[in-house]
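Input sequences plus hints: build the corresponding full structure.
Protein chains: 2
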Amino acid sequence: MSGITGNLVVGQSGGPTAVINSSLVGVVTKALDAAEITNIYGARNGVEGVLREDFVDMRKQHPRELEDVGETVSAGLGSCRFKPKVEDCKNIFKIFEKHNVRYFVYIGGNDSALSAGIINKIARDSNYELRVFHCPKTIDNDLLVTDHCPGYGSAARFVAQSFMGNDLDNRALPGIKIDVVMGRNAGWLTAASALARINPGDGPHMICVPERSYTIKEFVTQVDKLYRANKRVLVAVSEGLADEDGNVWLQSEKIRAELQELNMLDVLNWIDAAGKLEDAAGGPKLDSFGHAQLSGTGMLADFLSAVVKIHLYREHNKKERVRADTLGYAQRSFAGVYSEVDLKEARMAGEAAINVALSGDLDGSICFQRHNSPHGNYVCDTFRANLEDVSGVNFPKGMKQYRPMEDRFITDDKFGVTDEYVEWAKPLIGKLPVKGMLQDIKVVS
Amino acid sequence: MSGITGNLVVGQSGGPTAVINSSLVGVVTKALDAAEITNIYGARNGVEGVLREDFVDMRKQHPRELEDVGETVSAGLGSCRFKPKVEDCKNIFKIFEKHNVRYFVYIGGNDSALSAGIINKIARDSNYELRVFHCPKTIDNDLLVTDHCPGYGSAARFVAQSFMGNDLDNRALPGIKIDVVMGRNAGWLTAASALARINPGDGPHMICVPERSYTIKEFVTQVDKLYRANKRVLVAVSEGLADEDGNVWLQSEKIRAELQELNMLDVLNWIDAAGKLEDAAGGPKLDSFGHAQLSGTGMLADFLSAVVKIHLYREHNKKERVRADTLGYAQRSFAGVYSEVDLKEARMAGEAAINVALSGDLDGSICFQRHNSPHGNYVCDTFRANLEDVSGVNFPKGMKQYRPMEDRFITDDKFGVTDEYVEWAKPLIGKLPVKGMLQDIKVVS
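Listed in order, the protein sequences are those of chains L and U. Just so you know, the first sequence maps onto residues 2 to 446 in the numbering used here. Just so you know, the second sequence maps onto residues 2 to 446 in the numbering used here.
A pair holds if it fits inside one copy or across any two, identical chains being indistinguishable in the list.
Only pairs whose alpha carbons sit at most 20 Å apart, straight line, appear in this in silico SDA-like list of lysine to any residue: (1) LYS277 / LEU263; (2) LYS320 / GLN223; (3) LYS319 / ASP280; (4) LYS319 / THR222; (5) LYS443 / THR30; (6) LYS319 / ALA281; (7) LYS84 / PRO175; (8) LYS277 / ARG322; (9) LYS232 / GLU49; (10) LYS427 / SER374; (11) LYS122 / LEU52.
Hints listed in this document are in silico derivations from the structure and should not be mistaken for laboratory results. Keep in mind it's a predicted model, so treat the numbers as computed, not measured.
Below is the structure:
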């Protein structure tokens, strides 16, 4: 036994997922068994709760209730989008010292890893022995080092089931359907739409990811080409759809210039009018990490729908059936759709955080690695990475803290994902629902 | 045996649902057993396929495949939004005569019932013995006569699971969340959001249905009131949200006038700019039944988000966290979420259509009725209604062909649904996913 004796604080941070509570329960159940861990403090709303000293007693939770929480979507302790500043961290330590906190597990994505990294750095600089562990969680799947992230498999499953249904819907009532998928920096979740394909001809027929850049002309031309060929098109677009400078479309000067060039001035006026809406409500929405807020509006979907409609109307002098949906928050918090593998792995990550924290004076981020099984089955386990390699806390300027999709996963024409991606992702989402199709046998009378 | 001998045509029409294929399989399997029915023609894309003589041979489908189709979302035969004119119906009869079609089952909602009604009327006027049956299907649940409609239970389940997740999400990251739910004329599907409530304090905290009218001021005042009281609000709004004249908000002169009165001119400009987008793409979108197209854009959600944000900013001089989602097509065609009861009843409806059609020279619409079981269990079976009572084909001018929610299901303050509605709806959606909550026990140190 090489663990220091003291209390544990566990918190959840960032966007909820279907399985982040499974990690929480993994942390708590392992901690309950550990002689070194005295009290188990659940911080309400992540580090915000630490600063408020708002702690839930996790030891006093009923075991059966706790297991139910583990199978419940969203973040049971509450979450936050708060990045502690140096001053906040000093206050966090005062509180940790006061409560003899020696273990801190922070469950979250990139921003949460960074928060944990900062806290860890200050702890080490202060010679306060604190075992800080980042437990990975993000539907965006864009954490560094790990093979994949808890939360991704379930969100990917939701996206795949959405596209499976949307494709069948689009077969029944043909037209152009565009679905906007979450994922600001990376296309992992948008790529998961490809998992919906079972039979030849199944959509999505076109996938646009933030790892590539697109012009309006390229986008509408591709839709038009597919529509002429198949009489229907299902399109998956990342909310991070970007121009060649990496700026997202709705905030891109290049896209504005192109709208002018294409004489789509009505669309330009509409974007400007939408921008003024923001002003009227106190200015553009930025979260506290300085991100422009892309989720939570349907603007990109409506924008894409408009440019496609206008293009097709001009080309064919005909109003085509174009619809667009923004898959929305359901991607991260729909109750009742999750991947079994994801749920299990999220728990493993939580358990591993405690196991490793007890093993010595280490910090870390829990990561997943796959193994080649002799029979080709999916086999995966956890390992510890240095917190600084994931949190990016010491990264040189300009080095990205998130992981984009590998080139091998994106098709050369940039409008699709490769079979290699599909094979990679399949084990993470589990078996999809039944999809029966009628045989196209004509009646002979 | 009192059935006439001949062929059967079965078709699907209107928006897809999770269980319309179950009705199709019910029709086909019963027809396979009927000596009177020779060929079974599956019309591609409803009456459009009849006119094109585009028929799938349903006898030659593999039984196992057919059962899989029955469990697959959307409309396996393809659907349509086409309302046959008298000339079209004459052509349909020529085709029916040519193929000796004596049974016609049309699976769909209000518009499909009307189509079936028109065809039936012409058949009777022509003394052509044709047994026309409407098999009910609509996620909107707004068909006349029947207790409820196949498709509703599954869509209601999707909505309930969405709201359950959204409520947990909103608990974790508090703010104002607005979700726009399908249902142009009636609030049945929006009301289903209430089924997501399990514990005290659970959302949705506010529900707006097309059966009542709302002003912007009423809407934002209610949100503000709830937000002050609870620090978070989850709102369910029907896409059919209407002013006191029954006009939907985005097409309402009253709402435009109110925006001016409230000095929300930026919102007015944005709506106008959106209207011009439509013009640029060939004019406002109307489907072939003359409905303005409400589904398939995120405009209402963004509108509501904007007026709430502006109101709160003015009242509190603070940017509040407001998000809005449009639940979108997933409500009618998400693969893998369905209600067991709904799936079973959809099949029952299809089977009943054939059973009754074989029983004599009748037309009809298949309806559901509930029975009082001695132990309070949900017990339901089918009965035949006259087609004209459902299709509205002979209704006097001004009489509505759809069923709004009963007054007893809407709260007096018009911002909610009653417990009576919840009790009524519960058996239709089945058991919801686990929802575990942490006990709010503070650490005592």
